[in-house]
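Protein chains in written order, with the numbering used here: chain A, 451 to 790; chain B, 4 to 124.
Hints in this document: simulated from the structure, not taken from any laboratory. Here a beta-carbon is modelled for each residue, glycine too, at the ideal position from N, C-alpha and C.
Derived Cβ-Cβ restraints for the label pairs, each shown as a range:
#, chain 1, residue 1, chain 2, residue 2, range
1, B, Val26, A, Val731, 40 to 48 Å
2, B, Arg113, A, Val743, 39 to 47 Å
3, B, His34, A, Leu553, 44 to 52 Å
4, B, Phe100, A, Val652, 20 to 28 Å
5, A, Val770, B, Ala106, 15 to 23 Å
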Amino acid sequence: MVDTFVIPLLKIVIVLNATLVGVTYMVLLERKVIAWAQSRLGPMRVGPYGILQPVADAVKLMIKEDITPVRADKWLFTAAPIISMVPALIVYAVIPFGSEVSLFGRQVTLYITDINVGLLYVVSVASVGVYGIILAGYASNSKYPLLASLRASAQLISYEVAVTLTLVSVVVMAGSLSMVQIVNAQYNSHVWFVFAQPVAFVLVLIGGLAETNRAPFDLPEAEQELTGGFHTEYSGMRFALFFLAEYANMIVVSSVVTTLFLGGWLPPFPNVAAFGFLYYVPSWAWFLLKSFVFLYLFIWIRATLPRYRYDQLMNLGWKVLIPIAIANLVVTGIVRVLLL
Amino acid sequence: MQGWFSILIMIALGAGFALVSIVLSSVLGPHKPTPEKAAPYECGMPPVGNARERQSVKFYLVAMIFLLFDIEVAFLYPWAMALRDLGWNGFAQVVLFMLLLAAGYAYVWRKGVLDWGSDHA
Numbered sequence: 451m452v453d454t455f456v457i458p459l460l461k462i463v464i465v466l467n468a469t470l471v472g473v474t475y476m477v478l479l480e481r482k483v484i485a486w487a488q489s490r491l492g493p494m495r496v497g498p499y500g501i502l503q504p505v506a507d508a509v510k511l512m513i514k515e516d517i518t519p520v521r522a523d524k525w526l527f528t529a530a531p532i533i534s535m536v537p538a539l540i541v542y543a544v545i546p547f548g549s550e551v552s553l554f555g556r557q558v559t560l561y562i563t564d565i566n567v568g569l570l571y572v573v574s575v576a577s578v579g580v581y582g583i584i585l586a587g588y589a590s591n592s593k594y595p596l597l598a599s600l601r602a603s604a605q606l607i608s609y610e611v612a613v614t615l616t617l618v619s620v621v622v623m624a625g626s627l628s629m630v631q632i633v634n635a636q637y638n639s640h641v642w643f644v645f646a647q648p649v650a651f652v653l654v655l656i657g658g659l660a661e662t663n664r665a666p667f668d669l670p671e672a673e674q675e676l677t678g679g680f681h682t683e684y685s686g687m688r689f690a691l692f693f694l695a696e697y698a699n700m701i702v703v704s705s706v707v708t709t710l711f712l713g714g715w716l717p718p719f720p721n722v723a724a725f726g727f728l729y730y731v732p733s734w735a736w737f738l739l740k741s742f743v744f745l746y747l748f749i750w751i752r753a754t755l756p757r758y759r760y761d762q763l764m765n766l767g768w769k770v771l772i773p774i775a776i777a778n779l780v781v782t783g784i785v786r787v788l789l790l
Numbered sequence: 004m005q006g007w008f009s010i011l012i013m014i015a016l017g018a019g020f021a022l023v024s025i026v027l028s029s030v031l032g033p034h035k036p037t038p039e040k041a042a043p044y045e046c047g048m049p050p051v052g053n054a055r056e057r058q059s060v061k062f063y064l065v066a067m068i069f070l071l072f073d074i075e076v077a078f079l080y081p082w083a084m085a086l087r088d089l090g091w092n093g094f095a096q097v098v099l100f101m102l103l104l105a106a107g108y109a110y111v112w113r114k115g116v117l118d119w120g121s122d123h124a
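Generate the whole structure from the sequences, applying the supplied hints.
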């Protein structure tokens, strides 16, 4: 009873809450880091050094007027933010945050579930989020959101091909789609997959930036051309849901890249006797540390790089990333069969 | 089945969170609609025409190529899982399949479907 119902339910509630709180603080971190990059202070007023800013933002968005434009399709206009939010949250079901801990004399696994098609689940759920963006643009019935959502969906599907194609080479390496098994495969091969698959790592990182609409691929939100992008007509909590979904997706991409390429919960030099002392650090701490590095990298890139032009963006996706991904897959396959 | 049940619960909780926050904000927020506020945003000018006009055919072409490539990738996942058992035979078959697709890819590239420059608009 406790093992089948209470513990999974507790894990789900903890993960969802941690995600939502993490997302709000991610926004604060981004504002702070970008402010420092531009020699500003960032939010300073709410709480010491602005650490209560996310609470103030949440309350503010909650009590704003929620406007539905007259020409909008009312039901789709409300459904779109929900459709973008839910996939961003449910991906966390298969992400292993750590191996096992013993709590109150009970062995608890630090992941909600380990389905045998974990990676396929991540890829397919992540692509459902595109519907939220398309519907938001269509339902708004306004020119800027419609153009932005068309651009966004063309961008997302272009980079999705490159990313899913690249992930196949990770599956070839691991021989499994289960996220836990992929981490175990890195344990058994004594090396993180980032060293075995450096090309795939770079491709997934670039694709991850594009899939989350982050700079330098944030064309769907290009303020100078499209005002607010696909959520121009949104206000109040429905706008906040798009915002939360975008940042939740950033955490998803960081966690997935950490799991697939940086050994998930494993310390550096996994399964090497000389570095056994690294196992004194708990597994979840390694995972969080590595994910945080990627989140910081996302912000750093946004503060550093200018935005791509749309034709450059599509060229990069279709004419550069996809051929490299195919070549990488063929080479990986040859090496795999040779090493049988 | 245990695993999928947890995912169902997460879907319910995630959608519940989104719905509750939308309902809460509509209860807590003010309601003072004016015609200007409810009009579609066009930089402060009165909106001109309908937004749902014809769009560039480029977007449809990209969507079609995406479908082909995504189906290809869907075929590759089971192959990648079983590559250890398939050996050179299975590898050669998939490379043949990918070569056929690459021929189509080269065709759309030469036809300019992947070009988004101003001279192809």
